[in-house]
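Asker: Produce the entire structure from the sequences given, and follow the hints as far as they go.
As a plain string of letters, each chain reads:
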Amino acid sequence: MKNLEDRLAIHDLFVRYATALDDGEVETVVACFTSDAVLESPAIGGIQGKGAIRAFAERFAAWREAGTQFRHLITSLAVDIDAGGERARATAYLLVLISKDNAHRTLPPGRYECELAKQRDGTWRFRRRVVFHDHDYTLDGP
Amino acid sequence: MKNLEDRLAIHDLFVRYATALDDGEVETVVACFTSDAVLESPAIGGIQGKGAIRAFAERFAAWREAGTQFRHLITSLAVDIDAGGERARATAYLLVLISKDNAHRTLPPGRYECELAKQRDGTWRFRRRVVFHDHDYTLDGP
Amino acid sequence: MKNLEDRLAIHDLFVRYATALDDGEVETVVACFTSDAVLESPAIGGIQGKGAIRAFAERFAAWREAGTQFRHLITSLAVDIDAGGERARATAYLLVLISKDNAHRTLPPGRYECELAKQRDGTWRFRRRVVFHDHDYTLDGP
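Line by line, the protein sequences are chains A, B and C.
So for the first sequence, the numbering used here puts the first residue at 162; every next one is plus one.
So for the second sequence, the numbering used here puts the first residue at 162; every next one is plus one.
So for the third sequence, the numbering used here puts the first residue at 162; every next one is plus one.
No lab work stands behind these hints, which were simulated from the structure alone.
Here the structure is a predicted model, which means the values were calculated and not measured.
Misleading hints may appear alongside valid ones.
As the list makes no split between identical chains, a pair holds if one copy fits it or if it spans any two.
In silico DMTMM-like cross-links for lysine to aspartate or glutamate, where the CA-CA straight-line distance does not exceed 25 Å [said to hold, decoys possible]:
id	residue 1	residue 2
1	Lys261	Glu274
2	Lys261	Glu276
3	Lys279	Asp241
4	Lys211	Asp297
Answerer: Written out as C-alpha cells, the structure reads:
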C-alpha cells in the first residue's frame with residue numbers, strides 16, 4: 162500500500178508526542194518537531210523553535226512533578242501525504258483529562274491540525290501543530 | 162497482509178464520517194453511505210436512503226451553525242471482511258461530547274454496529290449503521 | 162513493513178480483550194492471555210493464571226448481568242516488538258466509562274503496560290497486563 166509506512170510513522174509520532182508530554186519526557190517532545198516548528202493553542206498562543214517548545218514541555222513536566230497528571234487522548238487521526246511523499250497534513254481529535262488531588266476533569270474537546278515534514282533520515286516531524294478547543298478554558302486549575 | 166488496504170479504507174471511512182458529521186459537511190456524510198443505506202439510533206429511530214441521511218446530517222450542521230459543537234470520538238474499531246472481499250462488518254465504540262455555551266458534556270457511551278459494501282470503484286460505504294447507547298438520553302439539550 | 166501483521170494483530174488483541182470484557186464474554190477474555198499470565202491493577206491487586214483470569218472476567222460479566230455496562234476505551238497504543246519477533250511490549254491509554262441506573266461516570270484515566278508473547282499458531286497473547294490509574298478509586302459503585 163502506498164505510503165503505508167509513512168502513515169504508521171505519523172500515527173506513532175502523534176502517540177509519542179502525547180505520551181511524552183504527559184510523562185514529562187521533555188527531550189522526546191522536542192524531538193517530535195522540526196527545529197523551526199510552530200505550535201499554536203489557546204493556552205499558549207503561538208510559539209516557535211526548539212527553545213520555546215522545550216519550555217512548553219517543561220511546563221507540563223513541572224505540573225506532573227507537582228502532582229498533576231495530564232492525559233492527551235488522541236483519536237480519529239486522518240493523514241494526507243503529499244504526492245512528493247515529503248510533506249503531510251494530519252488532523253486528529255483531542256480529549257485532555259487532568260487528574261489532581263484524587264479527582265479528574267476533562268478539558269473542552271478539540272482537535273489538532275498539523276503539518277509534517279519527512280526528515281532526511283526517513284522520520285517524520287511536526288512543522289506546525291495547531292490545537293483548537295471547542296470552548297474557552299483556563300489551565301490555572303492544574 | 163490480506164485485506165490490509167480494505168482495513169485501512171474502512172478505518173478512514175469511520176473517521177471521515179464522524180468528522181464530517183461534526184464539521185457540518187453534509188455531502189461528505191451522504192457519500193459515506195450506499196444509496197439505500199439504513200441508519201438506526203435511539204435519537205433518530207430508523208431512516209433509509211440518501212434523502213433521509215442528508216436530512217440527518219443537515220440537522221447536525223444546523224446545530225453547529227447555532228453554536229453547538231459535537232465530537233464523535235470513535236475507538237476500538239474491529240473489522241471483519243467477508244471471504245469474497247466485497248462485504249464487511251465493523252464495530253466500534255462511540256463517545257460523543259457536546260460543547261455549548263462555554264461548557265461540554267458527554268452523551269452516554271455506546272457502540273456502532275455496521276455493515277459495509279465495497280463499491281465498483283474500490284471505495285467502501287456503509288450499508289447499515291446502527292448505534293447503541295448504554296443508557297437513555299435526549300438531544301433536546303443542543 | 163517489518164512486523165506489520167504483528168502490529169495489527171496486537172492492536173486487534175487489545176480491542177478484542179476490551180470489548181469481550183465489556184460484553185461479558187468470559188472465554189474470549191481468557192483466550193487473550195497465556196496460561197500463566199499475570200494481571201495487576203489497583204482494583205484487583207495481582208492475579209495469575211487461567212482460573213484467576215476467568216474469575217476476573219466473570220466478575221465483569223456478573224456486573225453486566227446486573228445492569229452495569231463498562232466501556233474500556235483504549236487509545237494511543239504503542240507497540241515494540243523484540244528483534245526475535247516472539248515477544249513484544251505494548252502501552253496504551255485507558256479510559257473506563259460505567260453506565261448504571263440511566264447515568265454514566267468515568268473512572269480516573271490510566272494506562273496499560275503489557276508484555277506479549279507470540280504463540281506457536283502465530284497469534285499473540287498477553288503474558289502480563291498491568292493497569293495504572295491516575296488517582297485512587299473504588300469499584301463498589303457498580
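Asker: Each hint should be assessed against the structure and marked as holding or not.
Answerer: These are the hints, each one checked on the structure:
Taking CA atoms no more than 25 Å apart as the test, Lys261 paired with Glu274 passes between copies only; the shortest distance there is 22 Å, against 28 Å inside one copy. Taking CA atoms no more than 25 Å apart as the test, Lys261 paired with Glu276 passes in neither setting, with 32 Å inside one copy and 29 Å between copies. Taking identical chains as interchangeable, the C-alpha atoms of Lys279 and Asp241 lie at most 25 Å apart whether they share a chain (13 Å) or sit on different chains (22 Å). For the homomeric pair Lys211 and Asp297, neither the shortest alpha-carbon distance inside one copy (27 Å) nor that between copies (36 Å) is at most 25 Å.
The structure is inconsistent with the numbered hints 2, 4, although it conforms to all the rest.
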